[in-house]
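K.L.:
What follows is the residue order along each chain.
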Amino acid sequence: MMDSLILEGKAWRYGRDIDTDAIIPARHLALKDPAELGAHCLEDLDPKFVRRVREGDFIVAEENFGSGSSREHAPLAIKGCGVSCVIAASFARIFYRNAINVGLPILECPQAVEDIGRGDRLRVNLEKGTVENLSTGNTFQAQPFPEFMREIISLGGLVQYVKKRLQSG
Amino acid sequence: MGCTITEKILAWHCGRDEVQPGELVNARVDLVLANDITAPLAIEAFRAMGAKQVFDPARVVLVPDHFAPARDILAAENCAMIRDFARELGLEHYYEVGRVGIEHVLLPEEGLVLPGELIVGADSHTCTYGALGAFSTGMGSTDAAMAMALGEVWLRVPESMRLVYGGELAPWVGGKDLILHTIGRIGVDGARYRSMEFCGPAIEALSMQGRFTMANMAVEAGAKNGIFAVDGKTRSWLEKRARRDYRVFESDADASYAEELSFDVSALEPQVAFPHLPSNVRPISQAGEVKIDQVVIGSCTNGWLEDMETAARILEGREVHPHVRVIVFPGTPKIKLEMIRRGWMETFIQAGAVVSTPTCGPCLGGHMGVIAAGERAVSTTNRNFVGRMGHKEGEVYLTGPAVAAASAVTGRLSDPREVMG
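Which chain is which? The protein sequence lines are A and B, in order.
Residues 1 to 169 in our numbering are what the first sequence lists, from first letter to last.
Residues 1 to 421 in our numbering are what the second sequence lists, from first letter to last.
Certain hints may be false.
[As the list claims (entries may be wrong)] The calculated lysine-lysine pairs, modelled on BS3-like cross-linking and capped at a C-alpha distance of 27 Å, are:
no.	chain 1	residue 1	chain 2	residue 2
1	B	K334	A	K32
2	A	K32	A	K48
3	B	K240	A	K164
4	A	K163	B	K52
5	A	K128	A	K164
6	A	K10	A	K164
7	B	K52	A	K32
8	B	K334	B	K233
9	B	K291	B	K392
10	B	K240	B	K334
11	B	K392	A	K48
12	A	K163	A	K32
13	A	K48	A	K10
Keep in mind the hints are simulated off the structure, nothing from the lab.
Given these sequences and hints, build the entire structure.
P.N.:
Given below as structure tokens:
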């Protein structure tokens with residue numbers, strides 16, 4: 001199950017088409033552990049990010065976040081460096097499903113992305129899908145997830161979903 | 001209202017008469033694929049799911065092609081992990097170094113992917129097999145683990161876009177130029193979540209290998225899959241290869257499309273995607289003076305025999321520019337063997353190129369062709385993101401094999417017509 005449905009932290013703001021090679025460069029793909037992957041998260045795009053990101057912070061990006069390769073190492077690296085949730089104007093499709101499957105919270109909310117600046121404080125309610133920008137005082141509603149995805153999310157990821165299916169024969 | 005080929009294949013795999021774009025479905029898979037980067041995470045997920053056996057040992061394919069032959073100890077351990085898993089579960093299609101090829105060239109060559117099938121792979125370029133009239137898409141490792149355990153995946157039925165190519169391609173212009181031009185027009189998320197259906201006279205005239213190249217890069221436009229109708233060329237490709245019976249689907253004349261685009265390709269020049277996006281495309285005549293350090297010819301995009309032939313024709317009797325290194329990496333051992341039989345290995349070596357073993361290595365800056373800060377590579381691969389081929393201050397220019405080979409001779413981005421006269 002998800003640790004907490006209310007998340008609070010600082011926004012790390014990026015542009016559009018942040019690809020998975022930027023999120024975790026391929027040279028590190030022999031690693032599997034989220035913390036080890038997390039130590040290299042976004043290192044070619046923003047070398048300061050990993051040193052300064054704090055547990056609970058958010059990545060906020062424009063359209064097509066996570067484009068490129070199918071590497072699940074990308075959402076794992078983001079989780080591994082302590083980021084609690086990614087908010088984007090839109091997500092590339094494989095990244096979107098990978099995030100759901102591995103239990104990385106993501107929200108699609110173009111209006112919030114437009115409002116959020118680098119370093120803004122945010123509060124996110126995952127149950128309601130709301131994004132509150134504490135720095136501007138504005139609140140936004142993200143796209144709701146379809147029922148089936150909510151089931152995977154509430155179970156804590158696809159592994160638990162399949163486990164349940166296998167156990168029920 | 002009729003259905004598209006993608007909708008029909010998905011409906012069949014859900015045991016339904018019809019599915020609608022936007023629906024979430026659980027669908028049966030015919031084949032699941034993973035490689036030495038994605039399989040280790042898939043195997044961990046498979047075990048965590050409590051699964052003991054795969055849904056069918058003949059339909060789970062493991063291909064150690066990314067960091068293999070193992071580039072370091074970690075990579076060797078990942079390869080060992082998937083080798084042990086394949087042996088323990090009796091998987092019929094595990095390919096050891098020496099027999100392994102680049103997955104998306106290897107599987108069609110081996111006849112493991114067929115029309116009408118639903119194929120998923122823990123690799124984004126799994127969309128390549130759409131060239132055969134299959135629904136084929138890339139996913140993550142946990143999705144692959146679910147497919148391995150249950151023989152099923154969850155999918156959102158994509159909307160389809162229809163891309164119609166008219167006219168006749170000029171010499172030295174091929175599938176790579178068509179797909180680069182297309183991505184240049186629609187952008188890297190121009191087909192996001194959609195199915196790209198490629199058709200028209202220029203597609204009918206295109207070889208199977210050119211179609212594989214186009215389908216391969218559908219993901220570079222954000223698409224879920226790229227797909228082609230089955231025709232005589234598809235059937236002759238499958239004639240001596242297909243390992244199973246297959247079923248052919250085709251789009252209805254009154255199928256509904258989210259978007260239709262048409263292209264006249266007769267005047268199309270060889271195309272180049274400049275750093276750092278596959279959509280940053282220009283015709284070669286507008287490339288300007290771009291001096292280069294490395295040329296890479298191969299990969300799951302352009303590692304086919306036909307690509308090797310194009311490059312060999314240009315390099316035959318010529319020399320690689322003294323400031324350039326050229327790395328040729330054919331898709332599979334069979335292609336490499338055929339290159340030896342046809343004398344192209346000698347052509348490449350005499351010209352001053354190295355011919356590597358089949359591997360994904362240089363494409364993703366993994367090994368066997370990584371670039372340094374400030375270096376520029378012309379590459380027949382599929383991505384030119386920042387840091388893709390190595391140092392983040394390196395640059396990758398994506399082209400087809402003709403531009404790559406011509407540039408190898410001149411030492412700068414070049415039109416093949418300049419070299420071949």
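K.L.:
Next step is simple, just say for each hint if it's right about the structure.
P.N.:
Now for the hints, and whether the structure bears them out:
no., hint, verdict
1, B:K334 x A:K32, "violated, 32 Å"
2, A:K32 x A:K48, "holds, 23 Å"
3, B:K240 x A:K164, "violated, 42 Å"
4, A:K163 x B:K52, "holds, 11 Å"
5, A:K128 x A:K164, "holds, 26 Å"
6, A:K10 x A:K164, "violated, 36 Å"
7, B:K52 x A:K32, "holds, 22 Å"
8, B:K334 x B:K233, "holds, 20 Å"
9, B:K291 x B:K392, "holds, 18 Å"
10, B:K240 x B:K334, "holds, 14 Å"
11, B:K392 x A:K48, "holds, 15 Å"
12, A:K163 x A:K32, "holds, 21 Å"
13, A:K48 x A:K10, "holds, 15 Å"
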